[in-house]
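**Student:** Assemble the whole structure, with the sequences as input and the hints as a guide.
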Amino acid sequence: MMATDTSIAPEGETSPSGGKPLMSLKGIRKTFGSHQALRGVDLDIFAGECVGLIGDNAAGKSTLSKIIAGTHIPDDGHMMLRDEPVRFQSPADARARHIEMVYQDLSLCDHIDVVGNLFLGREMTKGPFLDQDQMIKRAEEMLARLEIRIPRLTAKVEKLSGGQRQAIAIARAASFEPDILIMDEPTSALAVAEVEAVLGLINRVKERGVGVILVTHRMQDLFRVCDRIAVMYEGTKVAERRTQDTNLEELVDLIVGKGGH
Amino acid sequence: MMATDTSIAPEGETSPSGGKPLMSLKGIRKTFGSHQALRGVDLDIFAGECVGLIGDNAAGKSTLSKIIAGTHIPDDGHMMLRDEPVRFQSPADARARHIEMVYQDLSLCDHIDVVGNLFLGREMTKGPFLDQDQMIKRAEEMLARLEIRIPRLTAKVEKLSGGQRQAIAIARAASFEPDILIMDEPTSALAVAEVEAVLGLINRVKERGVGVILVTHRMQDLFRVCDRIAVMYEGTKVAERRTQDTNLEELVDLIVGKGGH
Amino acid sequence: MSTTYTERVAGSALRDFVTDFAQVLSIATFFIICLVFFGTMSDVFLTPANLLNIVRQAAPILVVAVAMTMVITTAGIDLSVGSQVAFINALAAITISAGVPWPVAIVLMLAAGAMIGGVQGWFVSYQGIPAFIVTLAGLSIYRGAALLLTEGYSIPIRDADGFLWLGRGTLLGIPVPALIAVLVVIAGFVVMWRTPYGRQIIACGSNLEAARRVGMPARRVVNSVYVLTGVASALAALLLAARLGSGSSNAAQGFELQVIAGVVLGGTSLMGGKTSMIGTVLGTLTIAVIGNGLILMHVSPFFTQIVTGVIILLAIWMNTRLFTGTWKIGKGASNG
Amino acid sequence: MSTTYTERVAGSALRDFVTDFAQVLSIATFFIICLVFFGTMSDVFLTPANLLNIVRQAAPILVVAVAMTMVITTAGIDLSVGSQVAFINALAAITISAGVPWPVAIVLMLAAGAMIGGVQGWFVSYQGIPAFIVTLAGLSIYRGAALLLTEGYSIPIRDADGFLWLGRGTLLGIPVPALIAVLVVIAGFVVMWRTPYGRQIIACGSNLEAARRVGMPARRVVNSVYVLTGVASALAALLLAARLGSGSSNAAQGFELQVIAGVVLGGTSLMGGKTSMIGTVLGTLTIAVIGNGLILMHVSPFFTQIVTGVIILLAIWMNTRLFTGTWKIGKGASNG
Amino acid sequence: QDDGKTFALVQINQQALFFNEMNRGAQEAADELGVELVIFNANNEAFEQNSAIETYITQGVDGIAVVAIDVNGIMPAVEQADAAGIPVVAIDAILPEGPQAAQIGVDNAQAGADLASFIGENMESEEMSLGVVGALNSYIQNVRRDGFVDNLPEGVSVVNTVDGQNIQDVALNASENLLTANPGMNAIYGTGEPALMGAIAAVTSQGRTEDISIYGWDLTEQVIQGIDDGYVKAVVQQDPAQMGAEAIRSLNTLADGGEVESEISVPVTIVTQDNVDDFRSLFE
Ligand SMILES: Nc1ncnc2c1ncn2[C@@H]1O[C@H](COP(=O)(O)OP(=O)(O)OP(=O)(O)O)[C@@H](O)[C@H]1O
Ligand SMILES: Nc1ncnc2c1ncn2[C@@H]1O[C@H](COP(=O)(O)OP(=O)(O)OP(=O)(O)O)[C@@H](O)[C@H]1O
Ligand SMILES: O[C@@H]1[C@H](O)[C@H](O)CO[C@H]1O
Ligand SMILES: [Mg+2]
Ligand SMILES: [Mg+2]
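Chains as they are written, first to last, in the working numbering: chain A, 1 to 261; chain B, 262 to 522; chain C, 523 to 858; chain D, 859 to 1194; chain E, 1195 to 1478.
The hints are simulated quantities; they were obtained by calculation from the structure and are not laboratory data.
Bear in mind the structure is a predicted one, so any value in this text is a computation, not a measurement.
Ideal Cβ placement from N, Cα and C applies to all residues, glycine included.
Treat each hint with caution, since some may be false.
[To be verified] Take a look, some chain E residues computed to stay more than 12 Å from chain D by CB distance:
| id | residue |
| --- | --- |
| 1 | N1214 |
| 2 | E1226 |
| 3 | E1242 |
| 4 | A1310 |
| 5 | S1311 |
| 6 | E1318 |
| 7 | T1403 |
| 8 | D1433 |
| 9 | Q1436 |
| 10 | T1447 |
| 11 | A1449 |
| 12 | S1456 |
| 13 | E1457 |
| 14 | I1458 |
| 15 | V1462 |
| 16 | R1474 |
[As the list claims (entries may be wrong)] Derived pair list, reagent style DSS-like, types lysine-lysine, alpha-carbon separation capped at 27 Å:
| id | chain 1 | residue 1 | chain 2 | residue 2 |
| --- | --- | --- | --- | --- |
| 17 | B | K420 | B | K398 |
| 18 | A | K26 | B | K398 |
| 19 | C | K796 | A | K159 |
[As the list claims (entries may be wrong)] Label-pair distances were calculated between CB atoms; the ranges are:
| id | chain 1 | residue 1 | chain 2 | residue 2 | range |
| --- | --- | --- | --- | --- | --- |
| 20 | C | G684 | E | E1478 | 24 to 32 Å |
| 21 | B | H339 | A | R204 | 23 to 31 Å |
| 22 | B | E345 | C | G684 | 33 to 41 Å |
| 23 | E | E1291 | D | V1048 | 44 to 52 Å |
| 24 | B | E345 | D | V1048 | 56 to 64 Å |
| 25 | B | R383 | C | A633 | 46 to 54 Å |
**Tutor:** Structure, rendered in structure tokens:
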């Protein structure tokens, strides 16, 4: 049933640093009802690199990402963070370990304003009270870095455009010094300039030593930021390539199962 | 305040057919609270052509699309459908005129199964009852055409992956012989093969004489299916180009306001 | 390099079934436990006479619960049903006492119920006022109207044996109210399960804007479910009047909470979209069975309220743990 | 080719304000209309004595409404508050009658309230049982417990003048219950408006999963709001006991609906996330004012319930039309 | 004729004939005396009664009559009224020691006991097993239940007590279950109008009029029918209209500076087939 790519080069070789992985997943499985979302997946993430996670729709990319972020608890498998076994019971556990995620569904609170969503779960306070002024000031910086324009930071996010909402989710995850940053299709609703800004952001955080996982269907972006690309198929990881060793056609073939050349 | 591109060639010239437009918008305005989402937009859609609608995030693309689909009622402006003035009070009015839309937020009912969502508002019946068998049969065909795999058609859509959900929204809008098909970022969550399927679908329906409006941030797709491209900026239409007369760089410049060369 | 591509194997369909129907399975299990428990504790409980008794008593609640399921499925609520029952029940007694032939009175009452419900539904759907507020106002208004009509008298219904038969008679050995309730339940079940109208109700509760966008007459649908609670309340009022042989403003106090309790216990979600007509029936009957069983067991009336509450709570708790699979030992036991 | 690029001009901020606060503005307007109307109809209405009267009478409801606002903001509900009030109110009378010094009794009662609320909250948040069912069971259980404690009689509180002062005394000319209610309201307002805890409550109601995903202790927060309704109910029970000088299992029947009505009238949404503490205060006071005004106007008791219901309904209707801008004539009047 | 006096009657609810009759009697007396009467309906909420009394005090009415829900809880309001110089009289429910000027009505405990001894005097067989349909949420009815049960004669056993909650249809269900639960039971005692109505509907609709005897409180048309048919044996009938009238007359006297008896008793009658004819006119 397991079908990981056995012919791929051993771990050390695909890693950019040759060192120990920041995070390491082994044999991750997850079943929903009768549906095997993940059928035993291994994945390493190294500090300062970006791993692209690609695959057909419903291949299990989001499920795997959520497991790393503590949102789902795997049915089976092991996770190691800096050589230490971890078992996240909730996203709070993962966040405490500096793992942040941009969710595909964004996970915003529609009834809370832009600032509030940016600082959700990490509100700035002055004494026992929210420090709204300070948060607004920082929020402006956070959004400016993503080149997104939001006229009224105290407007509820409910009414914002798709791209504006996505930018908020990205700014929230990226702004609090994560060690591991998981981005599940972060640029799907963004316009050209904003996509550039996000790709720039990824390259910047990589330089700071952050390990990034980028789930995306935009193949051309992979080659601009990723060091390594993992391909998923029907709940398994079927291949892993260094970006410099592969090309678009190969990846597309791998995704749809015409791989293995 | 109005800032449409006045130097552009007159209507007839950008139209592929040289005939009358299928639908024509004039001076469309829409304000939400203090925010001018649309500040007077003109747009024509001709039968058998695909108009690309692009622009920065929050430029007003979705708002304009929703007005055509009857979801928003414009504050001001006129709409003509086949030379006849129309004023939609609700999406039902637009649907009655064979205008279908794929919404950016998908507009699925999470508690209803896949088949039910595909046929939402157009259930097949046998006597007074839903004809579930018939619907399942047709649903399989609808989804197969988009190359999407959904194992259990009677599963609630709530739990499906992002791409699966988007495919359902597309299949729903495209399958009922629309005259005008509006697609608001329909491929944002789709994998490579599925995107191809949607582009193929657009070309197929164009051949049948459908007028398609495609809102997208994936510039490369525009050149594969669009005949004409309208660029929006801050609630106005700032430019309109025939696809064959423009290129990627020009479009990107137009979007961010460096246009007008 | 060669990679091995394998397709997923579909797991047991039973697991999907259990997941999809967890709430109904849970209330069904608990219902059966109740039957067994009370059957063991009391000789009388499982006698046909007593079981028919329970269904007859539950009939008015069941009838309204069916319509309430639809209202709650649209993410609405109708708090006014008890007051509507009191009002129509009083009006029916007055109408019949005034000499109007009872079949005509029945039709008039059902029409009055539809009208009352229609007005409330209009405020909810076309005016966008929260259903809770509209029907809370209704709760006050119709109870007041019942008071005003009867001035506190309970109005006897005489010389209308056909009418009283509705509440007290039997057909083929089965109490008429029970038969009527069963018919209403079947109709409600079929509507929700297999008709476009039922689909519209679910869609409106799941995502009202989506329902509107696909061209459904969303407002009309939302309006209509309140018409249904109105008609159902009128029917329940007729059953009660026929059973009591009188109409009184005192009838059906707290009725709304009993009805809603049955619906929610059955798994229909107050947040809309999630619905189960079978669940409603089981939920309503469970509450009726507990009430009946405790009396049969001679539990002191000072304890009945406590015991009823505790049983309901523990039941739903036990079953949540059983069917959502969170009872797995060790990891995965907590969901966060 | 040259294209003209212009930026949007920001419209009037007033429009945003009106849109953002439509519901509070609406209930505030209506509250003022009520004051003016009853002031005109009755000489006594606007006298300080009567106004203080109203606040004192509304105090127990206000106290619980503040906590209820938080519960409803999390998309929950607490139907058991009336029964909790009855239970604690009876317990308090018994405790004080038994010779426990009243300050100790107060602390014990508040702790008991916290415990009751905590248990209910645990079922809701950690066990995932719908709040409606849990607290409906609570409604039954605590009313039953109160009955059992008192055996249906009322228990007088004697020789505890300090305690009775809480319900009857004044401080600087203002009734003590009113002062307590004002303090609770201010605390509630500040918490919801400007503290991380208030933000967590809103987040849990708006999108529970999102709140969890950003690392908020979502379950603990949901649990905690029920602790607050428990404590608030205990406080209300003490105010009532002190005002009535007795504890009775009959106290606070239908209290839960009054509380929830005030909260919902004030614009807090039963679907969660949307909250307004000022709205709650205005909503609760509006209902109190209508009750008081109708008595002063000597409206026949047969009509009060009808009139109350109609006023509430028409008020909210008028205001919905006024503030949502749907009153614009002609096109745009309908939103679909 | 009009000397501008206003009296308030603070009522429990208006869903039973009893209270409405009381209101009618009070209104007739008020009309007779040329005073204004305002009635407040508390809908069974004890603290609403206090609120209403406070409001009437601020408004400065000339006298208040109250049918208390919570006899202890009403006292602060009564004391407040007294402090404001407004006379208060209590109807039906007996208030504890306090400044109220008069207690009008029935001794419910005594009347309950009287009905019990009536049963003792008229027992047809040695044994009677009896079920009680009560209203645990009504203080007055609890008093009636205890007064009755505590004084039952030899040979009568209470097999079961159920709670009808003072609501007819609840009482009906409870009565039906009572019948099912106790096949050997041969009598029912209903402590108030809704309870009695529920018991009657249960017994008639289950065809048990042959073997069940019904006792209870408060006449209605159905009860009279039951007496005629023979299965309702004896019912305590109060004279609520007179209670209301006495209350207003007393208040009027008090407001004029006069004095009234501190206990004004309005006697009850135990209605049986023998004297039922006297009461038929009430319901015409
Ligand atoms: N909570 C859930 N309950 C049931 N099934 C689920 C759940 N979450 C995911 N699934 C199923 O697991 C499979 C994998 O979903 P996942 O979201 O991981 O796909 P994905 O690779 O992210 O796809 P996409 O590219 O479309 O976003 C899908 O078939 C989906 O229906
Ligand atoms: N219902 C609404 N209420 C208030 N403001 C709205 C509403 N709908 C849209 N807006 C505002 O109108 C502007 C245009 O939004 P729109 O969704 O049309 O942008 P868009 O061009 O589709 O952007 P994107 O590419 O991000 O999807 C945004 O600033 C948005 O906040
Ligand atoms: O005293 C009253 C009446 O006697 C009537 O039975 C209704 O309820 C009781 O409280
Ligand atoms: Mg995904
Ligand atoms: Mg958009």
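**Student:** Tell me the numbers of any earlier hints that the structure contravenes, in ascending order.
**Tutor:** 1, 3, 18, 21, 22, 25
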